[in-house]
Amino acid sequence: MRIGDYKESYSADEAVFRTGTVRVWMLLLFVAMAVFPFWAGPYLLYMANLTGVAIIAAVGLNILTGAAGQISLGHAAFVGIGAYTAAILTTRLGLPFLICLPLSGISAAFFGMIVGAPSMRMKGLYLCIATLAAQMIFEFIFVHWTSVTGGIRGINVPTASIFGISFDTEFKMYFITVPIMVIAVSAARNLFRTRVGRAFIAIRDRDISAELMGINLFQYKLYAFATSSFFAGVAGCLQVYILKIVTPEHFPLHESVRYLAMIIVGGLGSVLGSIFGAIFMTCVPEALQSLLSLFQGIDDKIMSYLYPLQTVVFGMLIVVFLVFEPHGLAEMWRRLKDYFRLWPFEH
Amino acid sequence: MAILSVDNLSLSFGGLSVLNDISFSVNPGEIFAIIGPNGAGKTSILNCIGGFYKPSAGRISFDGKDITRTSPDRRAARGLARTFQNIALFRGMTVLDNIKLGAHAHLKTGLLRALAYWGPAHREEMTLREQVEQDVIDFLEIEAIRKQAVGSLAYGLQKRVELARALAMHPKVLLMDEPVAGMNAEETEDMARFVLDIQEERDITVVLIEHDMNVIMDISDRVMVVNFGQKIAEGTPDEVQSHPEVIKAYLGQKKD
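Going line by line, the protein sequences match chains A and B.
Counting in the working numbering, the first sequence runs from 87 upward without gaps.
Counting in the working numbering, the second sequence runs from 519 upward without gaps.
Derived from the structure by calculation, the hints contain no laboratory data.
A few of these clues could be false.
[Claimed, not checked] Among the chain B residues that face chain A by a calculated CB cut under 8 Å, a handful are:
#1 P590
#2 D591
#3 A595
#4 G610
#5 M611
#6 L619
#7 H622
#8 Y635
#9 R647
[As the list claims (entries may be wrong)] Derived pair list, reagent style DSS-like, types lysine-lysine, alpha-carbon separation capped at 25 Å:
#10 B:K583 to B:K572
#11 A:K93 to B:K665
#12 B:K572 to A:K209
#13 A:K423 to A:K93
#14 A:K258 to A:K330
#15 B:K626 to B:K690
#16 B:K690 to B:K583
#17 A:K423 to B:K665
#18 B:K583 to B:K626
The beta-carbon is built from N, C-alpha and C at its ideal position, and this holds for glycine as well.
Just chain A, same shape as in the assembly (with noise of 0.2 Å):
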C-alpha cells in the first residue's frame, strides 16, 4: 500500500518515477535485465535483441500514430531504409557501427518528411493511403534496384565492431540492443514532458484549434514523421547487426501492419503500452510455437492441423484483448497497479 504521497517541489511533482517504491521496482527490473543475458541460452538472447529492436520500432510509431494522430502504414520501410543505409555504408565505405548507427536514424528521418509532407494538405484515412505508397514505392525501390540494394539476395553485413570489440554472438549483441533501447524509451518519455509531446497530441485531439493555441500545424507533423522514422531507421540498423543480412523480404507491408497492432494492442498513444505491445506481438507467436512443439512425434496428423492454428489462437488473442481493453496493455497494467495500491486494504 502506497502512503505518504506528498511533493514538495514541482521538479518533484512532475517526475517520472514519482515514488521511492517505483524506483526500487525500476532498479529491479535493470539489474533482472542485466543478468538476464548470463542466465539465457543463445535462442532467448536472439528473441530478447529482437524484442528489443521491436520495442525501439513500435515506440517510434507510437509517437507518430499514437501521439501524434497520423496513421503511418509505411512504418516497415522506414526502418528498411534504416537497415539499407546501415548495409550500405558498413559494406561500401566500412564505416563503423557507432556512425552508420545514428546515420540509418538520419536517413530514415530524412525520407521520413518527405513522406510525411503531404499531412499539410491530408489528413487521416487519406494520409494514411500516402504512406501506403510510400510503403510499396521503397519496397520496389528495395527488390529493383540492384546496384545497391544487392535486389532480393540482400546484403550479406559484417559482425558489428566497437573500439575493435567484435559483438559477433547473441550474448554481445544483447549489450548493444538494450541500451539502446533503454535510451530511446528514455527519450520518447522525455519527449512527452515537454512542449513539443504535448503539441502532437493537441494536433491528434483538435488539430484547428492547436492552430489557433500558437501551434504551427506542419512543422510539428514533420517533427512527428522525423522523430518517428528516426527510431525506425536505428531499429532497422540494429536488426541488420543481429541478423546480419538485410534483404526486402524483412519489410513488406504486413511487418508495418504489424507495427501498427503492437501500438493498437499496446495502447495508442503510451510509450509503456509500445513496449508491451512489441513484447507481446515478439513472444506471444514463439511462446505459441514452444508449446506446439511439446506436441511434436505424438502424431504427425494432428500436428499438420495444429500449425496453421497457431497463427488463429494469436489473432483470435488480439481481438480478445481488444474487446475487453480496446486501451490496450497499458490501460490493463495501470489497472491492475490500481488495485494494488490499496491492496491488502479494499478500501
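Starting from the known structure of chain A, fit chain B onto it as the hints suggest.
Just chain B now, kept in the frame of chain A:
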C-alpha cells in the same frame, strides 16, 4: 489607439454572404461585446480575427500591425487568445497539460532538447509549471482538478479550464465565444467575475459573444449588434438597449 480594429470586413462562402462590410474597433482594456440573433455571423467574426476563416474583403489590424494575412499560429503568438463556444479542449490530456499547452508559443524547447529533457528543457518546464500554478490555476481556483483528465470534468469546469488555457497564452486580447452558455446561475456569476478580474487586474482586452443579456449589460463597456451579417448598432449597453433597429431585430416589428 485601438488595440484591435476591423475595417470593412466581408466574408462569403461561394455565393453565400456571411459577413457584409463590418467595421469596429476595440480600445485597450475594455470589454467589448458582440450580440445578435442566431446565425447573425458573430462566431464568423471571431473566426476571421483568429485567422481560421480568410475574409473575402477587408482588413484586420491587431496591436498596430496588419494581421489580415497572418497565419493563425502566428496571430496566437502575438497575443490573440480564443475560447470556443463548443469546448475545444484536448481531451487526451490532463487539465495541467491543457493549460501548459496554452503557453506553447512562449516556450523555446526544440525537438532535440525535448528528447534529451535534462538541462534547458527541464528548467523551462519547471519555470512554466510555477508560472502556470501562480498566474492561472490559483487565479481560477482549479487546484483540485489539475491532474484530472479533461474529458471527465463537468461542463462548467471545462469552460473554466478553457479560459485557463487561454490565459496561459499571456494574451493581449482574449476572444470569448459564449463563455457562460449552458451554465447555471452560480457558474455564470463565477465566470462573469473572472472576466471582470481578467480585465481589471491583467489589462487584457476582452471581446466576447454572449446570448445572456444580463451578463452583457452588467460587464461590457461597449456592445456591437449584428444581424444577418450586418452591423446594426454600436454603443454603451444602455444606448444599444433602446436602439430601434436592435429592438426590431430581437422582438420583430409591429405591423401597422
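Do the hints match the structure? See the list:
A cut of 8 Å between beta carbons decides the hint on P590 (chain B): the least distance to chain A is about 5 Å, and the hint holds. Satisfaction of the interface hint for D591 (chain B) is found here, the shortest Cβ-Cβ separation to chain A being roughly 5 Å, below the 8 Å cut-off. Annotation: A595 (chain B) was flagged as interfacial toward chain A, and the flag holds, the nearest CB pair being 5 Å apart, inside 8 Å. Nearest Cβ of chain A to the Cβ of G610 (chain B): about 5 Å, under the 8 Å cut. The hint holds.
For M611 (chain B), the suggested interface contact is upheld, since its CB lies about 6 Å from the closest CB of chain A, less than 8 Å. The beta carbon of L619 (chain B) comes within 5 Å of a beta carbon in chain A, closer than 8 Å, and the hint placing it at the interface holds. Interface hint at H622 (chain B): satisfied, since its Cβ lies 5 Å from the closest Cβ of chain A, which is below the 8 Å cut-off. Here the hint on Y635 (chain B) is kept, as its CB sits about 3 Å from the closest CB of chain A, short of 8 Å.
At a threshold of 8 Å, the smallest CB-CB gap from R647 (chain B) to chain A is about 4 Å, leaving the interface hint in force. Our distance criterion of 25 Å between C-alpha atoms is met by K583 (chain B) and K572 (chain B), whose separation comes to about 17 Å. The straight-line distance between the Cα atoms of K93 (chain A) and K665 (chain B) is roughly 14 Å, inside the 25 Å bound, and the hint therefore holds. Restraint check for K572 (chain B) and K209 (chain A): satisfied, since their Cα atoms lie roughly 21 Å apart, inside the 25 Å limit.
Proximity of K423 (chain A) to K93 (chain A) is assessed by CA-CA distance (about 20 Å); at most 25 Å being required, the pair is judged to hold. Restraint check: the Cα-Cα separation between K258 (chain A) and K330 (chain A) comes to about 14 Å, which is no more than 25 Å; the hinted pair holds. The suggested pairing of K626 (chain B) with K690 (chain B) holds, with an alpha-carbon distance near 20 Å, which does not exceed 25 Å. Among the hinted pairs, K690 (chain B) with K583 (chain B) is consistent with the structure: their alpha-carbon atoms are about 13 Å apart, no more than 25 Å.
This hinted pair checks out: K423 (chain A) and K665 (chain B) have alpha carbons roughly 18 Å apart, not beyond 25 Å. For the hint pairing K583 (chain B) with K626 (chain B), the CA-to-CA distance comes to about 24 Å; that is within 25 Å, so the pair holds.
Hint compliance for this structure: no hint is broken.
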